[in-house]
Amino acid sequence: MEAMAHKNLKEPIIITTYQTQCLEDYINDGGYETLKNVLTKYKPNEIIEQIKASELLGRGGAAFPTGIKWDFTAQIKADHKFVVCNADEGEPGTFKDRWILEHKSYSLIEAMSLCAYSVGGDKGYIYIRGEYTESINSIRKALKEAYDNGFLGENILKSGFSFNIELRRGDGSYVCGEETALIESIEGKRAFPRFKPPFPGIKGLWGYPTVINNVETFANIVPIIKNGADWFKNYGTEHSSGTKLYSISGSVNKSGIIEANLGVTLKELLDAAQGMKNSKTFKCALIGGASGGFVYKDELDLPLSYETLKKAGKTLGSGAVLFLSEDDNEESLLKNILTFFKHESCGKCTPCREGYPKLIAMYEAFLENKIKAEDIMKLADVMFKTSLCALGQSVRMPLETYLSRKYKKL
Amino acid sequence: MDNKIYVKVDGKLYRTAKGTNLLEFLKSVNINIPTLCYHAKLSKTAACRLCLVKTNKNNIITACTQEITENMEVITSDEEIEYLRRSVFELLVDELNTDCDTCQLDGLCELQQLAKQFDVKLHKKSNKYKQDTSSPVLTYNPNKCVKCFRCIKACDEIEGKGVLNFAYRGQDMYVVAGLESWASSECDGCGECVQVCPTAALIEKNLLNFDKVIPFEKHVTTCIFCGVGCQMDVWLKGKEILKVEGADEIPNHGSLCVKGRFGIDGLLNDDRLKTPLIKENGEFREASWDEALNLIAKKLTYIKEKYGSDAICGLSSAKCTNEENYIFQKFIRAVIGTNNIDHCARLCHASTVTGLIMSFGSGAMTNSISELEKADAILITGSNITEAHPVIATFIKKAIKNNNETTAQ
Amino acid sequence: MDIENILKKYSKDKSYLLEIMHDVEKSKENKNLDLNDLKVISKYLDINLSAAYGTATFYSMFSLKPQAKYVIMVCSSTVCHIKKSYDILLFLKSLLNCDDDNLSKDGLFAVSEVGCLGLCDISPSMMINNQVYGDLDENKIKQIVGELRNGSNGA
Amino acid sequence: MNLLIVQWSHNAKLILADPRKIDIAKYAAIHMQQKNGTDVAWLNGMMNVIINEGLENKKFIEERTEGFEEFKSVIMRYTPEYVEKITGINKEDIIKAARLFANAENASIVYAMGITQHTTGTDNVLSIANLSMLTGNIGKLYSGVNPLRGQNNVQGACDVGALPNVYPGYQRVNIKENRKKFEKAWNTQLSDKFGLTVVEMMHGVLENKIKAFFIMGENPVLSDPNIKHVKKALNKVEFLAVQDIYLSETAEYADVVLPACSFLEKNGTFTNTERRILPINKILNPIGQSKSDWEIICDLSTRMGYKMHYENESEIMDEIASLSSIYAGVNYDRLDEKLQWPVLSKNHPGTPFLHKDKFAKGLGSFKPVDYVEPAELPDNEYPFILSTGRMLYHYHTGTITRRSQYLTKYINEPYAEVNPDDAKKCGVEDGGMIKVSTRRGEIVLKALYSERVFEKSIFIPFHFKEAAANVLTNDALDPIAKIPEYKVASAKCRIEKV
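The listed protein sequences correspond, in order, to chains L, D, B and X. Counting along the first sequence from 1, when you hit position 234 you're at 236 in the working numbering, and nothing is skipped either side. Counting along the second sequence from 1, when you hit position 185 you're at 165 in the working numbering, and nothing is skipped either side. Counting along the third sequence from 1, when you hit position 138 you're at 142 in the working numbering, and nothing is skipped either side. Counting along the fourth sequence from 1, when you hit position 419 you're at 420 in the working numbering, and nothing is skipped either side.
Mixed in with the good hints, there may be bad ones.
[Stated by the list, open to error] With a straight-line Cα cutoff of 30 Å, these simulated DSS-like cross-link-like pairs (lysine-lysine) come out:
1) X/362 - X/73
2) D/-12 - L/198
3) L/54 - D/-12
No lab work stands behind these hints, which were simulated from the structure alone. All figures in this text were calculated on a predicted structure; none of them were measured in a lab.
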C-alpha cells in the first residue's frame, strides 16, 4: 500500500508500510526521475506555477499556500538562499513526519532539491528533533546515497545545478517547530522565535531568504510535479486540496497514521481506526495536537479540512487526532497540556513566559472551584492576543473548546 | 516625488516616510506608548509586548515591529488595548522583586514609571534567584530582571562583545555572563549593559554604597582616559560621585569604557596633594602657596640669570587643558625666554605630526570618528584599538559587523 | 570518542554548536556536558562562553549535571498521559530506587519525563539512550531494565 | 557572532596589520602579522601591488599630488616576494590586502603608536600618507589618515603650542613674522631657536646644559624610555618643580611640588583625537588647597615679574583664538557646538574632515621611503623582541587608574605576555615570575601565557611602576620627529625564570 496519494485514494487507509525503503527500490519506482526531468526540461518558475496551481497548503499547521511561499523567495535576489525542512515534529500526538522521514526519505530529499531549483537555493538543512534517532539515521543514509549517486552536491545529474543538504539535530525544544525559532537553532543559538515580518522567505537563515516547509509538505512535492496539479486537486476539498496524513492515537483499536482526503470526517477516521477500544463510547477527540481543540460527539461528521475546522473555531493543525473515551479525562489532559507549554515556553515574550505558570495556578484553583472558567479564559485570551509566537497563543483553543462546552456560559 | 505617505493615527492624519518604524514615529509625534524592551540604539526585540496598538492591517500588533505602510490606520488606545497592555504588565511584574523601598533606583526605574502609568502597585519581595556579585564593577540581580534583552543586545550590538546571554528558558530564564558567573566571563566592564538596563537588575557596584540615588545632580564633562573625548554624565550626591554614565552626545553617543565609567574614583584618592610641598634635607614638608611659589620664582630667576634661559626646560602635559597648556608654553616662552617646551606627544605622535605635515601640511587626524562606521575598508595598524581606544573600536566593529549580515533586497 | 576527536569532525562554523554539544554529551560516560566541555567547545568555535552556556541550558536534552549510563526518557505527553504514563514513571522510579535527582540507586539509570516522542501509536512509550520502547507495562519495563542491568541489551 | 538577529545594512572589511593577535583581529578579513618594525616594507608592498595592478587613483594623483614618479621608482622594488622576506607576511595576504583596500570606495586608515614609536616613525607615517594618496582616500568622507591620540589632550597640547618648534597653531618659531606676532601679543622678546625635545632635555641635563626643570602633570620617570637615564637626569638637575595631582614617581625627585586640581574640579577644554574641542566642567570643589594649573602658572609668572591675569578660562581661549587661525572661531559661547578645527571664523562651522579639494600645503607630496631596520635587532645574547604598550584597565603611568578601587580589581600588577612555547622552553609556568632584561636594565614580573604574541616576542604594558617597562626600552630616536623606539628598539631582551 502506498501513501501520499500515489495511487487513487478512495477512502482512508491506515498505513501499514513500515519497511525501510532502499535507494534501489526508490529508483525502480521512478525516484529522482522527476528531479532529472525538471533539471533538464523545466524552468524554475514553471515548477512554482505548478505548485501554486496545486493549491498545496503547508502541512505544518499554519496552512500557508506553498507555491506562494516559494514564489516570494524566488523573486528575491540574494547571494545565498536556503531551503529548510522542518522535521522538528514535536506537537504532542503527531508522528506522521517520523514515518515520512523513515520511509520516504528519498522523496523528501528530491523534493528539497526541486524546491531549491525553483527558488534558487544553494543550501538546504533538514532539522530533525534529536529524539528521532531512527529518522536521523535514515535521513543520514539517504543523504549519503544521494551524494554518492550524484543526486546532491555539485552539478547534480550534470545539469549544472548544485545543491547541498546538511542534517541538523534538535535537542529537546518544542518551540523549534516554530520556523523562526528553528532557524535560530540551526544557527546554533537558543531557539528564540523572531518577530515576523520579515518572514523567513525574505530574511531567514543568517538573514538570507529561506524557504522552510514541513516534512509532509515536501513529501507532497514529487507526486504533484510527477502527476500534475490537476491530479492533486482531485483529492481533498475545494479549498484544501490533496490528502493528509492523520496521526491517530488514543483509546482506539488501531492507532497509526491514516492517509485520507482532506475533508474526511472524524467518524470515517474512527472507523478506519477500527472503532473505540474495548467497545467504549467515543467521548471526544483532541484534533491538532496540544494546541488543537476538542471535538465532541455531535461534531463527528465535521469534515476535517483546513477551512471547515477554521470555520468551526478549531484547527486541523498537524492533523493529530487523539480519541478519548468515556473513561478518559479531559481535565487532567488539559493540565498536562498546560504543564507541557509552560515547560516549553522559550521565555522571550512576557505573556507566554509569565502566563503559563499563572495559568496553571489558576487552572488548579478552578478545579477546586475557587475561580470561574471565565477567569481562566481571560488570561488565555490575553496570551492569545499578545504573545510573540504560536506557543503562547496555543493554549486558548484547547481550553476554550473544553470549557465552553462544559461551562456553557462562555 | 518623495516617499512620504499618509498614516492615520487615532483619527488624525500624518505624513511620514514609508517604512518608518511605527513606534518611533508615534514617539516622535509625542504619542505615549509604553515600552520596555525597545531601545533607540538597539535592534527591535518585541519581547515585552507592551507597545500594543491596533492597525487596520493586522489588528493587534506591537508597534516596535511594524513599519508604516500605505493607507495605514492606527489606533493607539482603546479599551481593549489598554486592557491588554495592563494585563501583560501585570504578568511581567507578578514574579519580580518590586520592593522599591529598598531599591537604590527608586524613582528612576523605568518599570516603576510604567507601574505608575498603569496604576499597578509594586511591592513584592521576591528573592528566588541568587545575585551575581562577581564582577568588579557591577551587580546582577535576576529578581529585578524584566528579561528585556537590552543588556544582551547592548553588549552585542553596541559594544560588539556579545558577552551576555540568557540561560535556561521560560520563567527560569536569567541573564548570564560566561559560565554561571560574571567573573568567569569575557566581560571587560564597559558597563554598556548597566546603562541600558530599565530596572535595577544591573547596577553599578558603587551605587550599593547608597540607600537612594535620588536626589542627585548630573553634570556633563569630557573623559580623560584617552584621546576619544567621550562625553560623560557624572552623577553626584552632595560631594560624592554616585556613578558615571555615557552622555548621548558626540563623539561617543552614550558609550564609555571601563576606565571612564568606573575609574574616576582614582582621581579622588585620599593621598591627593593638598598643599604645596618643599623638600628639605631629602624630606618633603608642607608649605604655603606663597612660600612655594616664591621659592620657584627665585630659583628659576637665579638659574636664568646664571646659565641663561635655555638652561631651563618645561614639560607640559597632554592631560591638562588647552588653556593650561597655552599658559604654560607662554610662561616658558615669554617669561623664561626659551623654546624648551615639550610634552609627551613627543613620545606618542611626534612622527605623525612631522610626517603628515610633510605629506599633507597638517599633522592631525584627517577625518571624524563617526565616519569609520561608514567606511568600506578600514586598515588598522599599530593600534590595539579595543584596549587603547575602546569606544572607537565599537564604531569599527559596527561597520564590520554590518557586513556579516548581508541584506537580500 | 573524546572531545578533541569530536571537534575534528566539525569545521569552526559557529552553527555547529548544537551538533557538537550533542555529540559530546552522548560520548560522555554520565551523558552530561560539564563546564569544561563548554569552555573547550567555545574556544574551538570562537564564541563567548555564555553563548555555549545559554544554549546548553536552553535545550532540555542537554544536562549540565551528571546523568547516568542509561538515560530513560518517559514520554509524558498527551497521548501517553491518557495511557497512564505517570503510573509508568512512578513504577520505574520505584523499581530503580530513584533518589530526588531521579538517579537510580545503582547509579546506572537516570529517569526523566519528556515531551511527545512521536510514538503515540505504541503509547505509552519511552526512550533509553537511542532505543525506543512502546506499549509499556510493568512486566515489559521489568524485562527491559533487567536486560540493561545484565548488559544484554545494546541500548 | 551572537544570539540575536541583527539587521545590518552596511559593508566594511577590516585589514589589520599588527604583530600581535589583538582582540580586533577577530573582526579582520585579513590579519597581517608583520615582524616588529617592518611597517614601511609591507606598506610599500601593498602599494607595489596597487600600482602593478593599475588600481591606483590616477585622477587623484594627477590633480592633487606631486612627486609620484620618484615615489613609484622606489615602490617598484617592493614586490610582494621581497616584502614577504622582510616582514614575514605571506605575499598572498599583501596582495589581498592591497586589492581590498584599493577597490573599496571609501577606505580609512587608523593607526596609533605601533606606527609612530619607532626610529622610523616618520617614515612609517609618510608611507601611510602615500597609501592614502595613491588610492585617493584622503580629502573626502569615510576615509582619511587617522592617527589615534593616546592621551586626552595630546591634540590640544600640540595645537596650543606645547612644542619646542612651534607657537600655538603650528606657527614655527624660527619664522620672523610669527615671532613678531607673538612678541607683540605677549609684549616681550622671544627666542628664535628651536627648543629641546623631551628626550633631548634629559640628555641636556646629563650634558650639563639644563639646570632646571618645570614639569606640569607629566611623569617621565615612568613614561620616558630608558628610565635609568631619566632618573639620573632628575637626580642631577639643579632645580626641579613638579605640579601634579598626586605625588607621582617624578614628583618624588622634585624640590618643590605644587598641588594641582583634577579635571573634575576645573573648567576648560580638551581637543580630542578628531580635532574636536570639547568642554570640561567643574563638578567638584578643588581638593585641599589645590588649584588649576593655569592659575598656578599665572601666579608664578606674575611673581617672576611678568603679569599674567585672566578672569577665567574663557579669556584664555579668546587669546588662543586671536593668535591661531585654526582656533580663530572658537570661543566659550560656542563650546556646545563641539567644533572640529580649523574653525576659521566666528561663523565657521568647523571642519569634520581635512584636505577637501586642496591639501593644507597645496599639493599632497608623495615621499619615497625605503625600509630601514629598527635600531636594535635580536641577537644570540638578547634573542627576543620586546614591545610595550597599553592595556585596557590602566592609563598611562597608572597614577590615576591604579588608585581606582574598581579598575585595580581587574589587574593591579605588572605582567608580560609571553608566547607559551617560549615560556615552556625556558621552564616558565603560566603566571610564574620572570626576569626580562635588555642592555639598559632588567625587571622582574609575572609571565602570562598568551597566544597574542609571536614566538620570540614579548609584550609588556608600561603602566606598572613595580616593573616599569621603560627600564628596558631604548631611547634611540627617530631622526626627524625625535620619537623614541618603544616598540622595537628595545628589541633585545631575554627571559629567564627566577
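Hint-by-hint comparison with the structure:
1. X/362 - X/73: Holds, because 21 Å separates the two Cα atoms, which is no more than 30 Å.
2. D/-12 - L/198: holds (23 Å)
3. L/54 - D/-12: violated (36 Å)
Checked against the numbered hints given earlier, this structure breaks only hint 3.
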